[in-house]
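*Asks:* Following the hints, put chain X in place on chain E, whose structure we already have.
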Amino acid sequence: MCRLAAITSNKYFSPMETVFALETMKEGHDGSGLGLTLKDLGGEFQGLKKYPVMSGICSRKGVRTLDDYMKKHGFRLKHVWTPRIKPVKGIVPRDYYFARAYDYPVPYKNKPLAEKEDLLMKTRLALRCIGEPDESIFVFSFYPDVLTLKEVGDPLELGEFFGLDRDGLKAKVVFAQGRQNTNYAIYLYACHPFFIQGYCSMTNGENTAFVPIREFLMSRGFPGYTGYNSDSEVFTHILHYSSRHLGYPLHYYKDVITPLKSSELAARKDAGALGLIKQSLRPLCIDGPNMVIGFTPDGTCFMVQDSKKLRPGVVGGVKGKYALMSEECGVDKAVPERNKAKDIFPMKYDMVIISPGAEEVKVWNQLQG
Amino acid sequence: MEPASGLRLDHNHKLSLREFPYIVRWRDDRCKRCGRCTAVCPVKAIEATVKIQRYVVSEGPAPAPKAERKVIQVVEQVTDMERYCVGCGSCTLVCPNEAIEPEFNPQNKLLHYKNKGGEGYKRGGRRNDPAVSTLDRLKFTRISMLTDPALDAGRHEFRVRTLLGRILPPEELPLKMVNGQLVVDKESGKFIPPVREIYPIMIGSMSIGALSPPAWEGFAMGVAYLNEVEGMPVVMCSGEGGMPPRLLRSKYLKYFIIQIASGYFGWDEIIHALPHMVEDPAAIEIKYGQGAKPGDGGLLMAQKVLKLIASIRGVPQFVDLASPPTHQTKYSIEEAVAKMIQSMSMAWGFRVPVYPKISGTRTARAVLNNLARNPFAAALSIDGEDGGTGAAYNVSMDKMGHPIASNIRECYLDLVRQGKQNELPIIAAGGVGKKGNLAANAAALIMLGASAVSIGKYIMQTATDCFGDEMNRCNLCNTGKCPRGITTQDPKLYRRLDADRVAERVVEVFKAADVELRKIFAPMGRSTELPIGMSDGLSTNDKAMAERLGINYAC
Numbered sequence: 001m002c003r004l005a006a007i008t009s010n011k012y013f014s015p016m017e018t019v020f021a022l023e024t025m026k027e028g029h030d031g032s033g034l035g036l037t038l039k040d041l042g043g044e045f046q047g048l049k050k051y052p053v054m055s056g057i058c059s060r061k062g063v064r065t066l067d068d069y070m071k072k073h074g075f076r077l078k079h080v081w082t083p084r085i086k087p088v089k090g091i092v093p094r095d096y097y098f099a100r101a102y103d104y105p106v107p108y109k110n111k112p113l114a115e116k117e118d119l120l121m122k123t124r125l126a127l128r129c130i131g132e133p134d135e136s137i138f139v140f141s142f143y144p145d146v147l148t149l150k151e152v153g154d155p156l157e158l159g160e161f162f163g164l165d166r167d168g169l170k171a172k173v174v175f176a177q178g179r180q181n182t183n184y185a186i187y188l189y190a191c192h193p194f195f196i197q198g199y200c201s202m203t204n205g206e207n208t209a210f211v212p213i214r215e216f217l218m219s220r221g222f223p224g225y226t227g228y229n230s231d232s233e234v235f236t237h238i239l240h241y242s243s244r245h246l247g248y249p250l251h252y253y254k255d256v257i258t259p260l261k262s263s264e265l266a267a268r269k270d271a272g273a274l275g276l277i278k279q280s281l282r283p284l285c286i287d288g289p290n291m292v293i294g295f296t297p298d299g300t301c302f303m304v305q306d307s308k309k310l311r312p313g314v315v316g317g318v319k320g321k322y323a324l325m326s327e328e329c330g331v332d333k334a335v336p337e338r339n340k341a342k343d344i345f346p347m348k349y350d351m352v353i354i355s356p357g358a359e360e361v362k363v364w365n366q367l368q369g
Numbered sequence: 001m002e003p004a005s006g007l008r009l010d011h012n013h014k015l016s017l018r019e020f021p022y023i024v025r026w027r028d029d030r031c032k033r034c035g036r037c038t039a040v041c042p043v044k045a046i047e048a049t050v051k052i053q054r055y056v057v058s059e060g061p062a063p064a065p066k067a068e069r070k071v072i073q074v075v076e077q078v079t080d081m082e083r084y085c086v087g088c089g090s091c092t093l094v095c096p097n098e099a100i101e102p103e104f105n106p107q108n109k110l111l112h113y114k115n116k117g118g119e120g121y122k123r124g125g126r127r128n129d130p131a132v133s134t135l136d137r138l139k140f141t142r143i144s145m146l147t148d149p150a151l152d153a154g155r156h157e158f159r160v161r162t163l164l165g166r167i168l169p170p171e172e173l174p175l176k177m178v179n180g181q182l183v184v185d186k187e188s189g190k191f192i193p194p195v196r197e198i199y200p201i202m203i204g205s206m207s208i209g210a211l212s213p214p215a216w217e218g219f220a221m222g223v224a225y226l227n228e229v230e231g232m233p234v235v236m237c238s239g240e241g242g243m244p245p246r247l248l249r250s251k252y253l254k255y256f257i258i259q260i261a262s263g264y265f266g267w268d269e270i271i272h273a274l275p276h277m278v279e280d281p282a283a284i285e286i287k288y289g290q291g292a293k294p295g296d297g298g299l300l301m302a303q304k305v306l307k308l309i310a311s312i313r314g315v316p317q318f319v320d321l322a323s324p325p326t327h328q329t330k331y332s333i334e335e336a337v338a339k340m341i342q343s344m345s346m347a348w349g350f351r352v353p354v355y356p357k358i359s360g361t362r363t364a365r366a367v368l369n370n371l372a373r374n375p376f377a378a379a380l381s382i383d384g385e386d387g388g389t390g391a392a393y394n395v396s397m398d399k400m401g402h403p404i405a406s407n408i409r410e411c412y413l414d415l416v417r418q419g420k421q422n423e424l425p426i427i428a429a430g431g432v433g434k435k436g437n438l439a440a441n442a443a444a445l446i447m448l449g450a451s452a453v454s455i456g457k458y459i460m461q462t463a464t465d466c467f468g469d470e471m472n473r474c475n476l477c478n479t480g481k482c483p484r485g486i487t488t489q490d491p492k493l494y495r496r497l498d499a500d501r502v503a504e505r506v507v508e509v510f511k512a513a514d515v516e517l518r519k520i521f522a523p524m525g526r527s528t529e530l531p532i533g534m535s536d537g538l539s540t541n542d543k544a545m546a547e548r549l550g551i552n553y554a555c
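Line by line, the protein sequences give chains E and X. Residues 1 to 369 (my numbering) make up the first sequence, in order. Residues 1 to 555 (my numbering) make up the second sequence, in order.
Since the hints were derived computationally from the structure, they do not count as laboratory data. Glycine residues also receive a C-beta, built at the ideal position from the N, C-alpha and C atoms. One should not assume that every hint holds.
[Unchecked claim] Pairwise CB distance ranges (calculated):
#1 Gln368(E) x Arg246(X): 40 to 48 Å
#2 Lys251(X) x Pro112(E): 52 to 60 Å
#3 Asp280(X) x Gly74(E): 33 to 41 Å
#4 Tyr69(E) x Cys555(X): 56 to 64 Å
#5 Asn541(X) x Val92(E): 17 to 25 Å
#6 Pro275(X) x Leu113(E): 28 to 36 Å
#7 Lys251(X) x Leu113(E): 54 to 62 Å
#8 Lys251(X) x Gln368(E): 31 to 39 Å
#9 Gly74(E) x Pro169(X): 32 to 40 Å
#10 Glu230(X) x Asn339(E): 43 to 51 Å
#11 Thr82(E) x Pro169(X): 38 to 46 Å
#12 Asp280(X) x Asn339(E): 55 to 63 Å
Pulled out of the complex, with its shape left as it was, chain E reads as follows (with noise of 0.2 Å):
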């Protein structure tokens, strides 16, 4: 099973804590990779915020073929950063790994978010599928002021390859997920988190429903709903479904993989609109065994469970910085100096939404709406 490790601040910070914290629970991940993505960036990002930035690995021959397309489709580059890497034994290190921030194509610049996030996405998708059957280009995410990285190996020692403990590269969320390979191949497009048009989630345990559900998302006509090396990346666009397609606050989220039932809903205020949501979006129903842990665009983090709570998952912090993880002592290691008599512990019912910039935390509770 894999390890989730999520920390939100209102103060920029290294992602190694992240991966620090990832360590500490350790036993659970058998360190097949690590995936990470920071938003809100700082360090050298800070000033980049309206470019979208493009995330990814790519061959010699990659780049070349990137910078050909990004230069034809009018994206002008700004700043680039690239990872001071040590070389690690165990890691085999690719040829460019990068974040680039790029200028929106000039008849881009005046259009509304909305427009700019479909290019990004379709920009994404199209080097994707240029550089995926000769694995001469990954692409992992392109939006502004987020930035993702994924390699195979331990996540500590890839922190280390990545030079993070010596780069300024600093945000005020970091996700990681320490990558336990169980089913599928070892492959970077399986690596969580999975990001799409500012949502992003990652997720621990099987999805027994993914099938159904990757059928539903695939046939909604959604360039995006693409991909699946993963059967969590279900959950990932789920979120996007729902929130920016359907327009749903965020808690509906929960009623939409684990709605409730008949008898439950009547107590609810919104009966009405969730029986027909409960109705409508039937497929997207998850049976578990999750955990899921996301942020929004606005930088609201979450973590929901899957509706037997087969799956460990904790919170907690202090205001201003709050830790979500698999375990405590990712918890511990994340914010020591927290009172631990209050750390939440999310039930089946509970989703526990972090305010942007870790400001607040609530558990909304879905029998009560």
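*Replies:* Just chain X now, with coordinates in the frame of chain E:
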């Protein structure tokens, strides 16, 4: 020279018993000549007769054999193909001394001869194919164990429910935001189709008329008990032939799907009861076809049209009630089916789901796609070739029709391609539980893409102890002479059947199936929602089958 007429010298002009599907084994030494077997035989295949027996005796101290003759009474199987032994075994059940038993004869030539008077062989039952069906070749091979813990079929909460009715796509839901919460926008004027939450195994259409009063009543009582006492929302379809007037006006109507078929039998009564209905029916099923006899309409033979049936159906007694093969007022699916669905919807104020039922066919996808574009179509029920019937030509049953598994799968995948897999539920029928594996067959069809399954023949056999099988045993449903009292209107026969006992069996069957469904879903890690289309859980050991159904091949 032999005489042109008169006594024949031997029996060489007759059919031998080897031509008959069942040969009656009668034991002279056990029989006490009580006559119960010949009295009970529904087809008069055996008769008591006398024979002259020659035997040799010898009396006195020295052998002095001499032949003598005596008259003996025997039970003899007749060699008239119109009275062939159907193998029901009623004779065995009534015999006090186990002196008689029919035995299947695989060499039989029934179909060569059962066409006297130019009339094709008609019977009840289902396709006489005892082979293992596709459904029984599917297994559940995605087992949760360590990477995802298996659920506990006994302790975890399972929601074995499905939806019957047209479901709006999420984008079209009339919702608006009020104070951060979604509410239904009643001012939008958007039509929200009626949807029922039901148990995913339904009882399919078997009419009053096809079934005897205690059989139909037993099913109805069982269904009401399951709903009211067990909390299992099982629904049952009336079949074509109306419903008892009191039931139409009762609160129990909500557990029934009323069928309208091409003969419209019983609809006079239903329409007259409409103003007095206190509950809406669960749904309306428009029958366009039946898996057991594609291309044929319903058929109730004259011998079953007795007073009660005649009054419910609004017809004279003792006439054949043959529904036309299609609805006579209809000529195109685009216009006619849509009108029929709308008419039925309108009759109940658009509060009742209305859906068509067709027989399994290679053209099912065309029907499906048409319905997918019709916002009032509530579902599509597809009845495969292994479905049963009360009366049909043998050729229709044995040689016409489409297996249900691939038909359901291709229809489901067609909906997936259009993104409408959750909008138009597909109901699968025809051969569910053929070999007794009700829960496994139902689960397999659900995982191939069915939203629900419908059972007729299985529940009828299981709840009423029917004799019929795929070796053409009994299958007398069309004759009104059902030896179990299930498919007859003759009080002398149906008094053998206890409606309360039938109801009890219906409840037992559904409760057992519910446990078995959990035993299937639990190890696959599914409990919250029905695993519709969860094809990764299925496999078969036949490569071609796996490829056709888009499931795993495992051996």
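*Asks:* Please go over all the hints and tell whether each is borne out by the structure.
*Replies:* Taking the hints in turn, this is what the structure says about them:
1. Gln368(E) x Arg246(X): 40 to 48 Å: holds, 44 Å
2. Lys251(X) x Pro112(E): 52 to 60 Å: Since the Cβ atoms of Lys251(X) and Pro112(E) sit about 55 Å apart, the hinted range of 52 to 60 Å holds.
3. Asp280(X) x Gly74(E): 33 to 41 Å: violated, 60 Å
4. Tyr69(E) x Cys555(X): 56 to 64 Å: violated, 46 Å
5. Asn541(X) x Val92(E): 17 to 25 Å: Violated, at about 41 Å.
6. Pro275(X) x Leu113(E): 28 to 36 Å: violated, 57 Å
7. Lys251(X) x Leu113(E): 54 to 62 Å: holds, 55 Å
8. Lys251(X) x Gln368(E): 31 to 39 Å: holds, 33 Å
9. Gly74(E) x Pro169(X): 32 to 40 Å: holds, 35 Å
10. Glu230(X) x Asn339(E): 43 to 51 Å: holds, 49 Å
11. Thr82(E) x Pro169(X): 38 to 46 Å: For Thr82(E) and Pro169(X) the Cβ distance comes to about 45 Å; the hint holds.
12. Asp280(X) x Asn339(E): 55 to 63 Å: holds, 57 Å
Consistency note: the structure conflicts with the earlier hints numbered 3, 4, 5 and 6.
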